[in-house]
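Novice: From first to last, the protein sequence lines stand for chains W and Y. The first sequence: position 248 = 248 (this note's numbering), numbered continuously. The second sequence: position 354 = 354 (this note's numbering), numbered continuously.
Errors might be hidden in some of the hints.
What the hints assert, rightly or not - Calculated lysine to aspartate or glutamate pairs in the EDC-like style (CA-CA distance at most 20 angstroms, straight line): (1) W/407 with Y/355; (2) Y/22 with W/21; (3) Y/22 with W/442; (4) W/403 with Y/356; (5) Y/22 with W/468; (6) W/401 with Y/356; (7) W/401 with W/442; (8) W/403 with Y/355; (9) W/410 with Y/184; (10) W/407 with Y/356.
Said to hold, decoys possible - Listing some non-contacts, in silico: residues in chain W with all C-beta distances to chain Y over 10 angstroms: (11) 117; (12) 262; (13) 382; (14) 402.
Claimed, not checked - From the structure, some residues in chain W lie toward chain Y, with a derived Cβ separation under 10 angstroms: (15) 259; (16) 369; (17) 378; (18) 381; (19) 390; (20) 467; (21) 469.
I should point out that these hints are in silico values taken from the structure, not numbers from a laboratory. Quick caveat, the model's predicted, so the values are computed rather than measured. Ideal placement from N, C-alpha and C gives every residue a C-beta, glycine not left out.
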Amino acid sequence: MNARLSEKFRLWRFPGGIHPEQNKSSSTETPIEAGRIPPRLILPLHQHIGEPAEPLFTVGERVLKGQAVARANGYVSAPVHAPTSGTVIAIGDYPVPHPSGMSAPCMVIEPDGEDRWVDHDSVADYRNLDPAALRNIIREAGIVGLGGAGFPTFIKLNPGHNKAIDTLILNGAECEPYITCDDMLMRERAAEVVSGLAIAAHALQARESVIGIEDNKPQALHAMREAARSYPNMRVVEIPTLYPSGDSKLLAKILTGKEVPSNKLSLHVGLTCINVGTTYAVHRAIHHGEPLMSRIVTVTGGAVGAPRNLDALIGTPMDELLAQCATRMDRIERLVMGGSMMGFAMHRADLPLIKTTNCIIAAAAAEVPRPQPVMPCIRCGACSDACPMSLMPQQLYWFAKSKELEKAQKYDLFDCIECGACSYVCPSNIPLVQYFRYAKGDIWTQESEKEKAGIARRRFDARQARVEREKAEKEAKRQQKKAALDMANARERGEAQAQSAMQRAEARRDAAMQEAGKRWGAQPPTAPESSAPDKTASAEPDKNEPAQKND
Amino acid sequence: MRLANLIQLDMPLNTATSPHAKAPITVSTVMLQVALALIPGLIAYVWFFGWGVVINIFIAVVTALIAEGVMLRIRRQPVGMYLADLSAVVTALLLALALPPTLPWEITVTGTLFAIVIAKQLYGGLGYNPFNPAMVGYVVLLISFPREMTVWVPVVSMSEYPLNFLEYASMIFTGKLPAGISIDAITEATPLDSLRIHLGLGSSVADIRATFGIDEETSRLLSVVPIFGMFGGKGWEWVNAGFLIGGLWLIYKRIISWHIPVAVLGALMAISLVFYLFEPARYASPMFHLFSGAAMLGAFFIATDPVTAAASPSGRLLYGAGIGILLYVIRTWGGYPDAVAFAVLMMNMVVPLIDDHFKPRVFGH
Numbered sequence: 001m002n003a004r005l006s007e008k009f010r011l012w013r014f015p016g017g018i019h020p021e022q023n024k025s026s027s028t029e030t031p032i033e034a035g036r037i038p039p040r041l042i043l044p045l046h047q048h049i050g051e052p053a054e055p056l057f058t059v060g061e062r063v064l065k066g067q068a069v070a071r072a073n074g075y076v077s078a079p080v081h082a083p084t085s086g087t088v089i090a091i092g093d094y095p096v097p098h099p100s101g102m103s104a105p106c107m108v109i110e111p112d113g114e115d116r117w118v119d120h121d122s123v124a125d126y127r128n129l130d131p132a133a134l135r136n137i138i139r140e141a142g143i144v145g146l147g148g149a150g151f152p153t154f155i156k157l158n159p160g161h162n163k164a165i166d167t168l169i170l171n172g173a174e175c176e177p178y179i180t181c182d183d184m185l186m187r188e189r190a191a192e193v194v195s196g197l198a199i200a201a202h203a204l205q206a207r208e209s210v211i212g213i214e215d216n217k218p219q220a221l222h223a224m225r226e227a228a229r230s231y232p233n234m235r236v237v238e239i240p241t242l243y244p245s246g247d248s249k250l251l252a253k254i255l256t257g258k259e260v261p262s263n264k265l266s267l268h269v270g271l272t273c274i275n276v277g278t279t280y281a282v283h284r285a286i287h288h289g290e291p292l293m294s295r296i297v298t299v300t301g302g303a304v305g306a307p308r309n310l311d312a313l314i315g316t317p318m319d320e321l322l323a324q325c326a327t328r329m330d331r332i333e334r335l336v337m338g339g340s341m342m343g344f345a346m347h348r349a350d351l352p353l354i355k356t357t358n359c360i361i362a363a364a365a366a367e368v369p370r371p372q373p374v375m376p377c378i379r380c381g382a383c384s385d386a387c388p389m390s391l392m393p394q395q396l397y398w399f400a401k402s403k404e405l406e407k408a409q410k411y412d413l414f415d416c417i418e419c420g421a422c423s424y425v426c427p428s429n430i431p432l433v434q435y436f437r438y439a440k441g442d443i444w445t446q447e448s449e450k451e452k453a454g455i456a457r458r459r460f461d462a463r464q465a466r467v468e469r470e471k472a473e474k475e476a477k478r479q480q481k482k483a484a485l486d487m488a489n490a491r492e493r494g495e496a497q498a499q500s501a502m503q504r505a506e507a508r509r510d511a512a513m514q515e516a517g518k519r520w521g522a523q524p525p526t527a528p529e530s531s532a533p534d535k536t537a538s539a540e541p542d543k544n545e546p547a548q549k550n551d
Numbered sequence: 001m002r003l004a005n006l007i008q009l010d011m012p013l014n015t016a017t018s019p020h021a022k023a024p025i026t027v028s029t030v031m032l033q034v035a036l037a038l039i040p041g042l043i044a045y046v047w048f049f050g051w052g053v054v055i056n057i058f059i060a061v062v063t064a065l066i067a068e069g070v071m072l073r074i075r076r077q078p079v080g081m082y083l084a085d086l087s088a089v090v091t092a093l094l095l096a097l098a099l100p101p102t103l104p105w106e107i108t109v110t111g112t113l114f115a116i117v118i119a120k121q122l123y124g125g126l127g128y129n130p131f132n133p134a135m136v137g138y139v140v141l142l143i144s145f146p147r148e149m150t151v152w153v154p155v156v157s158m159s160e161y162p163l164n165f166l167e168y169a170s171m172i173f174t175g176k177l178p179a180g181i182s183i184d185a186i187t188e189a190t191p192l193d194s195l196r197i198h199l200g201l202g203s204s205v206a207d208i209r210a211t212f213g214i215d216e217e218t219s220r221l222l223s224v225v226p227i228f229g230m231f232g233g234k235g236w237e238w239v240n241a242g243f244l245i246g247g248l249w250l251i252y253k254r255i256i257s258w259h260i261p262v263a264v265l266g267a268l269m270a271i272s273l274v275f276y277l278f279e280p281a282r283y284a285s286p287m288f289h290l291f292s293g294a295a296m297l298g299a300f301f302i303a304t305d306p307v308t309a310a311a312s313p314s315g316r317l318l319y320g321a322g323i324g325i326l327l328y329v330i331r332t333w334g335g336y337p338d339a340v341a342f343a344v345l346m347m348n349m350v351v352p353l354i355d356d357h358f359k360p361r362v363f364g365h
C-alpha cells in the first residue's frame, strides 16, 4: 500500500545538477564487514559542529566499551564514547581529518581486547517517553549527523516552541560518487534504519516521514519499502539520480516542493532532514542502549584491492581500515575523506575515522583528474547551467578573483552550497568552488575584523568618555569648593556683596582675557564656562556605554 | 609503543581541493565541436557558391593562427596552450564564412588580423574581448572595402561562368579572371541586397519576385539572377538550412544553450511577420528573412559566442531578441546588405547592462 502510494508521489525538480561517474558498484559487491579492533584508537574530542567535548578520564585510566570518555561542553556539543574497553594512553593534539590538515585534541585508547561493555540499558517503549527525554538519550549517546556535517542530532530533533514539523525527511539519496555506506545500510539493516526514523519522528512529533532514495539503489529501495510497510505515515520515494540531490535543501525541494528560504533552516518551512546512518544510530541508542561508537564507512578507490563497507570503530586509524580492504598504499595518488565531489584530500593515511567519515577513497592515479592548465573563463555558462542553486558562478568568479566581495555577496555567494558542480563542468578547468570558499572565508575574516575594530573603537570611546567625565566632575567639585571658600572668606570680611560683584566682574574679565588667549599663554581653563563644554561632550559617550554592554 | 608514529610524517600525500572529479570537457573540445557543427552549412555553401569560401577559410585560419601565436609571444602567454584552444580557428572560420567568396586575399588577411590582434588579443585574449572578434573584423572590412565586400557570386547553377577551384584561387590571390570573362559575368548582388535595392527603387516584392523569377527556368529565360528560392534567398536557403542543422546539433550536445538562437530567430520572425502582414508588397516574408543571408549562422554560431553574449538565461533571451530585431531593422531600413555583424556588435555593447539586471532567481530567494 505504502509502496504503491509512493510510486505516484509527486516530485519536484531543482535547476541544474550533473551526472558524474558514480564509481559505486565495486564497494557494494560484498556485505558490510566488521572493522577490526586496531592496536589503538584515536578519539578526536571535536567530531561535531559546536564546542569540543571535555575529557572525563586521564592518562592511565581504564575505560569500558560504551563509556562516555568525554562529555558535551555546552548546548551545541556532543560527548565521545569509548568504542571498546582499554586504557587511556594519551590525551593531546594529534592530526585529525580536516581540510586544513590540522592537529586537534584527541584521546588515545589502547584496547585491551576484552571488548567489555559498560552497563547499558535500552528503552522499553520510546512512545511512552516525552520527546525531551528521548532527545536527552540521543544527546547522551553522542549522536551527530553522520552525513557529513556532524550537527548534534538532539538539537535537530527539537522543533522548538511554536514550530510544528510537517515532514521528517530521511536522506537516502547518497548522491555523491563512490559513497555507498547508506546504500548498504539500507539494504542490510532497513528495519533498524526505519525504526530509528520512527523514533526521530516521535521526538519531533512530525506529521509524516518521507524517505528519499535515488533510483540507482534499487535494492535499498526494495528493502526500505518492505521495512516501511508496517509504519503508518511513512513513505519511500524513488527520486531520479542527479547530483547533488542529497543536499538537504534540494532533497526537501524534490520531495515536498518547498524551498527553504535563503539564510533559513529547513525548520522554517516545517521540515527536518536526517541521514540514514544517523537514524540507525538512534535506533541502536534507544533499543539497545548503545552510544555512537562505530559507523559504516565505505573504503574504496582504485588503490583498494577489496573495496567494501566496514562497520568500523570510531577512532580507528584509516590506514588500518585500508589495510583490512587490501589497499596498495603505494598506489594511492590521493586519499579523500567523503565523496569525490565534496570530500577533501588528506595529507596522511593514519588519521582516525571520525563520526562524519562516510567514505575513504584511496584513489589511484587514473581516477584523479589530470591536472590541466586553468584557462580564462569563456563565459560559456556551463557552470550556471549546472548550479543547483541558480547562481551565476561565472560572474561570482570575477568578483571573487578581483576581491569585489560586496558584489559577490550581491550575487548571493552565501547561497553557494559548495557542491562543486561548477568546477566539475568548467571547460576552462577553473577551480570555481575553491574561489568561492576563499571569498566566503575572506568575507568572514573581514567581518570579524570589522567587529573586532568596532568593539575596540567603542571601548576607546567609552574610556575617553569616562576620563572626560571624571575630569569634569573633579573640576566641578573643585569649583564648588572654591566658590564655598570664597563665599566664606567674603562673609568673614563682611563685604560679601561688593566682593561677589567684583568677583563677577573679574570672572567676566578673566573669561574675556582667556578668550583673547595669547597673553595668558598655557594657563589651564579654570573658568566654569570652559568646563561646561566638557560636560556636554561627556553626555554623548555616556550613551555609548550601555551599547557596549549589549554586545 | 607505536604512538610515536602518530605525529611523525614520513611522506605527506598529495592533496588537492574538491571536486576530485572532472567532466571530460575543455575549451578545445567546445571550440572543436563548434567548428565541426559548421560543416553542413559549409558543404551547402561550397555546393551553391563554389570553392572560394574554402580558400578564404584557409587564408583566414593560417593568418589567425600566426597572428595569435605572435601576439601571445609578445604578451608572454603560453603560445601552445592558447593555440590549442582553437578559439582563433573558430574566429577565422566565422569571419571567412561571412566574406564574399571572391575577396582578394589581402583583404581577408586584413580582416583576420584586425579580429585577432585588435579585437581579441589587445583586449586581453581569450575570454576578455567585449566584442565578437570575427564581427569586428567583418565590419572593419565592410567599412574599409565596401565595393569588394558587397559583390557576391551567383548560385553555381545559375552562373554564366561558375569558377572552379583553381580559377577561384587565381582570382583571390592574383585578381586574374579566366581569359575573356568579365567580373560582371561572375558576380552578382546577394538576394538580400537586390531586394533592398529594388524595394528602394519602388518595386513591390511581388514585382521583384515576378521579374527575377522563382525558378531557374524563368530566370534563365529572363536572363536575370533569381533572388527567391523555395523558401528563402536562392541558394542561401540551403546554406542557412545547413547552419540550422549544425546549430541544432550544438544545442543537442549542450555546447550552446537554446536561448540565444531561439530569441534571435523568434524576434526576427515576429517582427518580419508583423510588417509582412501589414504590407506584403513592401516587406519580405519571415521565411525569406530566416533563410537568407547570415541569419542562421548569426543565430547559432555568432550571437552565441559566449564571451561576448549575455550570461543568464533571461539575459540571453533579451540579448538574442535584440539581435533579431536589429537584424530586421538594419536589413529593411539600413544601407548594408546584411546586418548580423552590426546587430551582434550593438548588442555586445549592452551585455554588461543586461548581465547586471538579468539574474536567475536564486534558490530560496
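Novice: So, for every hint listed, does it hold in this structure?
Specialist: To see whether the hints hold, each was checked on the structure:
no. : hint             : result
1   : W/407 with Y/355 : holds, 13 angstroms
2   : Y/22 with W/21   : holds, 9 angstroms
3   : Y/22 with W/442  : violated, 26 angstroms
4   : W/403 with Y/356 : holds, 18 angstroms
5   : Y/22 with W/468  : violated, 64 angstroms
6   : W/401 with Y/356 : holds, 18 angstroms
7   : W/401 with W/442 : holds, 12 angstroms
8   : W/403 with Y/355 : holds, 19 angstroms
9   : W/410 with Y/184 : violated, 60 angstroms
10  : W/407 with Y/356 : holds, 11 angstroms
11  : 117              : holds, 26 angstroms
12  : 262              : violated, 4 angstroms
13  : 382              : violated, 7 angstroms
14  : 402              : holds, 13 angstroms
15  : 259              : holds, 5 angstroms
16  : 369              : holds, 4 angstroms
17  : 378              : holds, 5 angstroms
18  : 381              : holds, 6 angstroms
19  : 390              : holds, 4 angstroms
20  : 467              : violated, 49 angstroms
21  : 469              : violated, 48 angstroms
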